[in-house]
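Chemist: From just these sequences and the hints, can you work out the full model?
Keeping their order, the protein sequence lines are chains Z and L. Quick note: the first sequence uses my numbering, first residue 120, plus one each step. Quick note: the second sequence uses my numbering, first residue 2, plus one each step.
These are computed hints drawn from the structure, not numbers from a lab. One should not assume that every hint holds.
[Said to hold, decoys possible] Which chain Z residues stay away from chain L? Per the calculated CB distances, all over 12 Å, these:
| no. | residue |
| --- | --- |
| 1 | 147 |
| 2 | 172 |
| 3 | 193 |
| 4 | 197 |
| 5 | 217 |
| 6 | 283 |
| 7 | 370 |
| 8 | 419 |
| 9 | 490 |
| 10 | 494 |
[Unchecked claim] A few chain L residues that face chain Z, going by a derived Cβ cut-off under 7 Å, partial list only:
| no. | residue |
| --- | --- |
| 11 | 21 |
| 12 | 133 |
| 13 | 191 |
[Said to hold, decoys possible] Pulled from the structure, derived: some chain L residues nowhere near chain Z, Cβ distances all over 12 Å:
| no. | residue |
| --- | --- |
| 14 | 132 |
| 15 | 157 |
| 16 | 218 |
Note that beta-carbon positions come from the ideal geometry of N, C-alpha and C, so glycine has one too.
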Amino acid sequence: MTAVTTVGLVGMLPASMVSAQSPAAAGGQSVTVLTDWGADSTDQVKFEEITKAFTAKTGIEVQLDGSSDILTLLHTRVAAGEAPMVAIVPRPGIYADYANQGALKSLDDLGVAGFADAYQPAWVDLGSVAGVPYAITVKANSKSMIWDRPADLAAAGGAPATLDAFEAMMTTMAASGKKPLVITAKDSWTLTDWFENIYFRTAGPQKYADLFGGKLPFTDQSVVDALAIVDKLIGSDVWVNGGRQIALSTGYQDGLAEVFGTSPVADFFMEGGFTGSVAINDVNPALVAGKDIAFFPFPDIDPQYANSVVGGGDFAIAFSDADPAKQFMQYLATPEAASVWAANGVISPNKSLDLTTFTDPLVKAEAEQLTSAKLFAFDGSDLLPGALGDLWPTTLQGIYEDPSTTADQLAAFDSQAASEFGR
Amino acid sequence: MKSTRHKVGAFLFTLPALLLLLVFLVYPAILTVRMSLDTGAGLRLTKFVGLDNFRQLSNDRLFLDLGSMSGAVINNALWLVLYVGSCLGFGLLVAALADRVSYERIVKTIFFAPLAIAATAAGVIWLLVYAPQANIGILNGILGAAGVDPVGWLGLRLTVNYAIIAAAVWAGTGLVVVILSAAIKAVPDELIEAAMLDGASPRQSFRHIVMPLIAIPISVVVVTLAISVIKVFDIVYVMSHGGPSGASRVIGYTYYVQTFELDRGGPGAAAAVVMILVTIPIMMLNVRRFQGQEPGQ
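Modeler: Here it is as structure tokens:
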């Protein structure tokens, strides 16, 4: 890129971001990167370590911008012809749409070499659209975690291995007058994670892949059965703090405060690996990782699918094959970038990841869970194409609100799914 | 000859304003209509699909479900009746009563204060009012003190729309108070005094003297409120994300989801066209009302 276009690009970026970055040196190259992490979020701050290492190595400036509302920003920027050179997005469904529109550069075009060797085939497949690799998974996280306060969990008998044991434990705890489980159904995405964890553990990997891949209708009996288990658990008046109607008006962060705030009223909170840092950074800074907050794996249900993990990730994609973009994408796939992440307590699925480098006990435990899982599935709702990504959480929220409508809601969702998947 | 020159001159003088209107209002509006007939994938004109988007919207249970009388369009209608009615009712009441007391300024300041708060901020404030935890949510705190179990106001299909509309009325009544209060002040005192001398009660003089004289400001207020209701989005987004399960979505929310979250300009533009279509009768009523008033003014 020439100096002239660099100046042009800088001119179009938000003022707050330009002032936060040193301006590109005259004649120097730069790459624009838009991430799905909020501007001052923990992950963004950690990601800056990678961009700094990249700039130190190549001399290419990184114009970094981030928003947790990335869909709005990315869609409008791309439509306006102002696409960032590189974007980091949370859902494969997003880059599938862009790849199909021809807006993305493939990893082959970008000269990202050795990619297939550095990652497990599952991650390579996940980053491909119709067999062409487009995305590098830069960050992985587990979504099969139940967060607890270690001292109270130990007093209750320690981490339950099976769902039956978990339910029995909660019944015992509830007998003393306190409802242990927090459900945050106001944020409908948390319901998708409950469903995926239970569906994967009851229907198994093949049906899971078929369901979210568009081959199995959502009206299948396996879905109805899994939803019944979900509802028995999270719709319970015995275990759920406040019961169904309070859960429907409780958001993710408010619910987290019920377990990890300064005066906790409940004991368990199911959500992904990011929950640890949200609890510590945004809910209660006094928490000590590993002592006041920890997690145990989502309990097993069917023994044949024991030790399974549902996980999510963040993916780097490139809208430009200009040299700075190429170099940046190549760098992201290197063991070096993965080790910078690891040193900052972020899990990369790069095979070279060294678990011993993690100092944060929560991140270390999460990395161990991810690497030792017998079965792994990617967050199914993040894979859903087009309108389904919005409709599925809404549908699950409707089913949770009134379980007697399950058949109706599934049928309505499936008719939309049939047209989106072209079946 | 002179009149032609006069017309050309008038045209030239209005030309800059006309150009601005064409570029920033007429052209985008036409483009929106065109986009509503297109798939609009990637927010660009991609493929002409006729009325497919409108058909898709009419089949979308979250947009319009006549069977159960729910969906974004029905919710907007509910907003129209309750929000406009409540703002006008409370606003008129406060303006009329405040006019008669010595601490009028204090009353008006209190009602006007929420107007200085952005709708998103008002939404956050009312999130705290409605919070299900009795130690945070004042409403549930009061219920708790009375021995009633907490209610999830924003998580219940039955209450969510009313809860959000109440917050919006809190934020919107101030404007009505200020406009109608000024209108009431403009009613000549002699008229009221004359009515009193003729034996009219305060209620009668308000109903038969003041009300007809402030009819135009009232109609302006109604139109302004009605239009702001049709495009309402922010406070819903902040307070309920359109939930539970789409129960509090409004037309503007459908527009947002389709356009910005799903990158589908077509169905999004179709929702926007529905908004324009709903607004037109209100505008026409307003224009006609002004025309009807003109000869008498």
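Chemist: The structure should be examined with respect to each hint, and the outcome stated for every one.
Modeler: To see whether the hints hold, each was checked on the structure:
Under the 12 Å C-beta cut-off, the non-interface status given to residue 147 of chain Z relative to chain L holds; the minimum distance is some 32 Å. With a closest Cβ-Cβ approach of about 33 Å to chain L, residue 172 of chain Z is found to remain outside the 12 Å limit, as its non-interface label requires. Not every CB of chain L lies more than 12 Å from the CB of residue 193 of chain Z, the least distance being 9 Å, so the non-interface label is violated. Look at residue 197 of chain Z: its CB is around 7 Å from the nearest CB on chain L, not clear of 12 Å, so calling it non-interface is violated.
Once the 12 Å rule is applied to beta carbons, residue 217 of chain Z is inconsistent with being away from chain L; the minimum gap is 8 Å. No beta-carbon of chain L comes within 12 Å of the beta-carbon of residue 283 of chain Z; the shortest separation is about 29 Å. The claim that residue 370 of chain Z is not at the interface with chain L is violated, since a C-beta of that chain comes within 12 Å of its own (minimum 9 Å). Separation of residue 419 of chain Z from chain L is adequate, the least Cβ-Cβ distance of about 30 Å exceeding the 12 Å criterion.
Look at residue 490 of chain Z: its CB is around 33 Å from the nearest CB on chain L, clear of 12 Å, so calling it non-interface holds up. Residue-level check passed: residue 494 of chain Z sits 31 Å from the nearest beta carbon of chain L, beyond 12 Å. The criterion of a C-beta within 7 Å of any C-beta in chain Z is not met by residue 21 of chain L, whose closest approach is roughly 21 Å, and the hint is violated. Because the smallest distance between the Cβ of residue 133 of chain L and any Cβ of chain Z comes to about 4 Å, under 7 Å, the interface hint for this residue holds.
Given the 7 Å rule on beta carbons, the hint for residue 191 of chain L is violated: about 55 Å separates it from the nearest Cβ of chain Z. Not every CB of chain Z lies more than 12 Å from the CB of residue 132 of chain L, the least distance being 7 Å, so the non-interface label is violated. In this structure residue 157 of chain L is not separated from chain Z by more than 12 Å, as the shortest Cβ-Cβ distance comes to only about 6 Å. With a closest Cβ-Cβ approach of about 38 Å to chain Z, residue 218 of chain L is found to remain outside the 12 Å limit, as its non-interface label requires.
Violated hints for the displayed structure, listed by number in ascending order: 3, 4, 5, 7, 11, 13, 14, 15.
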